[in-house]
Amino acid sequence: MQVSLYRYNPETDEAPYMQDFTLEVPGGRDIMVLKLLELLKEQDETISYRRSCSEGVCGSDGLNMNGKNGLACITPLSEVVKKGKLSIKPLPGLPVIRDLVVDMDQFYTQYKKIQPYLINNEPPPSKERLQSPEDRAKLDGLYECILCACCSTACPSFWWNPDKFIGPAGLLQAYRFLADSRDTATEERLANLEDPFSVFRCRGIMNCVNVCPKGLNPTRAIGHIRNMLLQRAV
Amino acid sequence: MVTQVTSFSRNGLSDWVVQRVTAVILAVYTLVVVGFLLLGDIGYTEWSTLFDQTWMQIFTLLAILSTCAHAWIGMWTIGTDYIREHYFGSGADGIRFIYQITCIIALAIYLIWSIKILWGN
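Top to bottom, those sequences are chains A and B. Residue numbering for the first sequence follows my numbering, beginning at 3 and increasing consecutively. Residue numbering for the second sequence follows my numbering, beginning at -15 and increasing consecutively.
One chain only, chain A, in its complex shape (with noise of 0.2 Å):
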């Protein structure tokens, strides 16, 4: 098969460009895109990626295959690949240190402005702060993330306003803690998202919910935090 390769090593190359390998997948397997990216390896020792469990769970190698962002290890072949071709580019949007490696700074500066921890001021009791089965189920679906920067990376208001923008993994994890009943600080994170970037720039068009590798839905995070702000203004 065909593998078109985006490189770019900032100490030699004066502009990224695409780099041809022609492999031979061993028995016709459907292997996974991080496979391939060994086996290309092999030949060229040079190509960087991030990579790290190969199972999904942490969220080191999400790319851009064929167009469409992913995690690497967990993309087989037979999804992504066309007419024998895959082309395989760093996430889009963020700066490239070098090959398939961008820097995240951009993206974990959004991340730590909703400030992704629990704020209660309370006395903590003297085991732990419980929950209800009922309020812990409302965290479903937003725990989840890995925070591999697929969706964000995906999203064009992300693109243009990387400093202002909170993008969608940054405020579905805005929402985790929304919607945290042990959490007291709903009042003053609801205030530092009122702006017209933070979450308004979110249009809906849903790129973060069609690239997602885990199934999460950010979009709907956003639509309830938008529900949150409303209520508390009327």
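For the record, the hints were derived by calculation from the structure and aren't laboratory data. Take the hints with a grain of salt, since some may be wrong.
[To be verified] Here are the in silico distance ranges between beta carbons for each label pair:
hint: 1; chain 1: B; residue 1: Arg4; chain 2: A; residue 2: Asn194; range: 20 to 30 Å
hint: 2; chain 1: A; residue 1: Glu81; chain 2: B; residue 2: Phe20; range: 49 to 59 Å
hint: 3; chain 1: B; residue 1: Leu95; chain 2: A; residue 2: Ser80; range: 49 to 59 Å
[Unchecked claim] Computed far set for chain B versus chain A, every beta-carbon distance over 10 Å:
hint: 4; residue: Ile9
hint: 5; residue: Leu23
hint: 6; residue: Asp25
hint: 7; residue: Thr29
hint: 8; residue: Trp31
hint: 9; residue: Thr33
hint: 10; residue: Phe35
hint: 11; residue: Gln37
hint: 12; residue: Trp39
hint: 13; residue: Gln41
hint: 14; residue: Leu49
hint: 15; residue: Phe81
hint: 16; residue: Leu95
[Unchecked claim] Covered by chain B, according to a simulated footprint, are these stretches of chain A (three or more residues, beta-carbon under 8 Å):
hint: 17; stretch: 162 to 173
hint: 18; stretch: 230 to 236
Predicted model only: the values in this text are computed from it and were never measured. Glycine included, every Cβ here is placed at the ideal spot set by N, Cα and C.
Fit chain B to the given chain A structure using the hints.
Chain B only, in chain A's frame:
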């Protein structure tokens, strides 16, 4: 640098609500006008009689104000999305400012002109 200084309300929620309320007003106005046109034989007299009525004049002015608010929020958003240094270089802020002023003047002209048509001679 893209800022929110020239935003309609400098508050995302209020822009968002205004955008939706004005959209509903414009939708209802469109239905009323299109419905009237579909009634059948509409000539100058019928059209003029319709717009001589106070309720239609108020409704029309409301629709025009809605257009202005709706358009400004939309155009401001488009400008702050696309007219940025990434595409326009260091002059992006100046270009965006000219773009925003042009939008405001155009909308102001539409508004004043419409009032003149509605209540002028």
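Hint by hint, here is what the structure shows:
1. B/Arg4 / A/Asn194: 20 to 30 Å: Once the Cβ atoms are compared, 23 Å apart, the range 20 to 30 Å for A/Asn194 and B/Arg4 holds.
2. A/Glu81 / B/Phe20: 49 to 59 Å: 54 Å, holds
3. B/Leu95 / A/Ser80: 49 to 59 Å: 58 Å, holds
4. Ile9: Holds, since 18 Å exceeds 10 Å.
5. Leu23: Non-interface label on B/Leu23 holds, nearest chain A Cβ at 37 Å vs cutoff 10 Å.
6. Asp25: 43 Å, holds
7. Thr29: It holds; B/Thr29 is separated from chain A by about 44 Å at its closest Cβ, greater than 10 Å.
8. Trp31: Fine: 37 Å to the nearest Cβ keeps B/Trp31 off the interface.
9. Thr33: 40 Å, holds
10. Phe35: 35 Å, holds
11. Gln37: 33 Å, holds
12. Trp39: It holds; B/Trp39 is separated from chain A by about 28 Å at its closest Cβ, greater than 10 Å.
13. Gln41: 30 Å, holds
14. Leu49: 20 Å, holds
15. Phe81: 17 Å, holds
16. Leu95: 23 Å, holds
17. 162 to 173: holds (count 3)
18. 230 to 236: Holds, because 3 residues of the stretch 230 to 236 of chain A bring their Cβ atoms closer than 8 Å to Cβ atoms of chain B.
Going down the numbered hints, you'll see the structure goes against none, and every one checks out.
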